[in-house]
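Keeping their order, the protein sequence lines are chains P and E. My numbering puts the first residue of the first sequence at 1, with every later residue one more than the last. My numbering puts the first residue of the second sequence at 1, with every later residue one more than the last.
The set of hints was computed from the structure by calculation and includes no laboratory data. Any given hint might turn out to be false.
Heads up, simulated SDA-like pairs for lysine to any residue below, C-alpha to C-alpha not over 20 Å straight-line [as the list claims (entries may be wrong)]:
#: 1; chain 1: E; residue 1: Lys-108; chain 2: P; residue 2: Tyr-104
#: 2; chain 1: E; residue 1: Lys-3; chain 2: P; residue 2: Asp-59
#: 3; chain 1: E; residue 1: Lys-111; chain 2: P; residue 2: Ala-107
#: 4; chain 1: E; residue 1: Lys-45; chain 2: P; residue 2: Ala-3
#: 5; chain 1: E; residue 1: Lys-45; chain 2: P; residue 2: Asn-30
#: 6; chain 1: E; residue 1: Lys-108; chain 2: P; residue 2: Asn-24
#: 7; chain 1: E; residue 1: Lys-45; chain 2: P; residue 2: Gln-85
#: 8; chain 1: E; residue 1: Lys-108; chain 2: P; residue 2: Thr-86
#: 9; chain 1: E; residue 1: Lys-45; chain 2: P; residue 2: Val-88
#: 10; chain 1: E; residue 1: Lys-3; chain 2: P; residue 2: His-41
#: 11; chain 1: E; residue 1: Lys-108; chain 2: P; residue 2: Ala-3
#: 12; chain 1: E; residue 1: Lys-108; chain 2: P; residue 2: His-41
#: 13; chain 1: E; residue 1: Lys-3; chain 2: P; residue 2: Ile-77
Short derived list, chain P residues pointing at chain E, Cβ under 8 Å [unchecked claim]:
#: 14; residue: Gly-40
#: 15; residue: Gly-42
#: 16; residue: Leu-43
#: 17; residue: Gly-63
#: 18; residue: Tyr-64
#: 19; residue: Thr-86
#: 20; residue: Asp-101
#: 21; residue: Leu-103
#: 22; residue: Phe-105
#: 23; residue: Gly-106
#: 24; residue: Ala-107
#: 25; residue: Val-113
DEER-style ranges, computed between Cβ atoms [what the hints assert, rightly or not]:
#: 26; chain 1: P; residue 1: Ser-84; chain 2: E; residue 2: Lys-57; range: 20 to 28 Å
#: 27; chain 1: P; residue 1: Ser-54; chain 2: E; residue 2: Ser-84; range: 36 to 44 Å
#: 28; chain 1: E; residue 1: Gln-31; chain 2: P; residue 2: Ser-67; range: 42 to 50 Å
#: 29; chain 1: P; residue 1: Ala-3; chain 2: E; residue 2: Phe-61; range: 20 to 28 Å
All C-beta atoms, glycine included, are put in the ideal place defined by N, C-alpha and C.
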Amino acid sequence: EAAVTQSPRNKVAVTGGKVTLSCNQTNNHNNMYWYRQDTGHGLRLIHYSYGAGSTEKGDIPDGYKASRPSQENFSLILELATPSQTSVYFCASGDAWGGLDTLYFGAGTRLSVL
Amino acid sequence: QQKVQQSPESLSVPEGGMASLNCTSSDRNFQYFWWYRQHSGEGPKALMSIFSDGDKKEGRFTAHLNKASLHVSLHIRDSQPRDSALYFCAASEPHLPGTGSNRLTFGKGTKFSLIP
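Let the sequences and hints guide you as you build the complete structure.
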């Protein structure tokens, strides 16, 4: 099964600080995604990428940047963290064309912004 | 308006019972539908996909799609303790026309549990 590794698993940050969440996949998938999960909202797409060097805005990109320096790595960057960004963040990868893209999720990063 | 709406928010059935989860989309750009399952403390995992009208069965799980009404359902028979989880419906749409790549939009989820 596809392996997606997120780091760190838990993070406490201060308001106004910079936070970088990292994601690594070893399955040579083209597509990678960042979602956040909040009670009452389900999973919401922040940024995604369809290959090294590309990033696209998802449904809730404000306050977040993304970076895809290589096929394997996809980072989510919070330049100025705010308490509203306290959430569980999931990275996923997938590689299928035509709509049948099975996403493989990491175990998640729990972020608390104080 | 949420593009993918799920109901009910929570559902409890006795062990061995049958459960039905529902999902409706408001966007006809969606071409494929998925069910994902998430156990506590883990990331979601794909359960099954469906893109043709009618039923698709995988073991104790059956998905049903009605494209005309953009309604998809998931039926779980002979519910087992390991089925207790958060179930997400997701809909897929192309995000770069001509590239073949797509993006998923998830619903808010249905929390499914067994009655002890």
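Quick one: are Gln-31(E) and Ser-67(P) within 42 to 50 Å, going by C-beta? violated, 29 Å
Mind checking the alpha carbons of Lys-111(E) and Ala-107(P) for me, to see if they're no more than 20 Å apart? Holds - the C-alpha atoms of Ala-107(P) and Lys-111(E) are around 19 Å apart, at most 20 Å.
For Lys-45(E) and Ala-3(P), compute the direct alpha-carbon distance and say whether it is at most 20 Å. holds, 12 Å
Holds or violated: Lys-45(E) and Asn-30(P), Cα atoms, limit 20 Å. OK: Lys-45(E) and Asn-30(P) at ~19 Å, within 20 Å.
With a cut-off of 8 Å on the beta carbons, see whether Gly-42(P) makes it to chain E. holds, 4 Å
What's the verdict on Lys-3(E) and Ile-77(P), does the C-alpha distance respect the 20 Å limit or exceed it? With Cα atoms ~27 Å apart, Lys-3(E) and Ile-77(P) exceed 20 Å; violated.
Can the restraint linking Lys-3(E) and His-41(P) be considered satisfied, given a maximum Cα separation of 20 Å? holds, 12 Å
So, Leu-43(P) near chain E? Judge it on the closest CB pair being under 8 Å. holds, 4 Å
Gly-40(P) as chain E interface residue, shortest Cβ-Cβ below 8 Å: holds, 7 Å
If you draw a straight line from the CA of Lys-108(E) to the CA of Thr-86(P), is it 20 Å or shorter? Since the Cα atoms of Lys-108(E) and Thr-86(P) sit roughly 18 Å apart, the hinted pair holds (cutoff 20 Å).
Would the pair Lys-108(E) and Ala-3(P) pass a check requiring their Cα atoms to be no farther apart than 20 Å? violated, 25 Å
Next item in the hint list is Thr-86(P). Is there a CB on chain E closer than 8 Å to its CB? violated, 18 Å
Checked against the numbered hints listed earlier, the structure breaks hints 6, 7, 11, 13, 17, 18, 19, 25, 26, 28; every other hint is satisfied.
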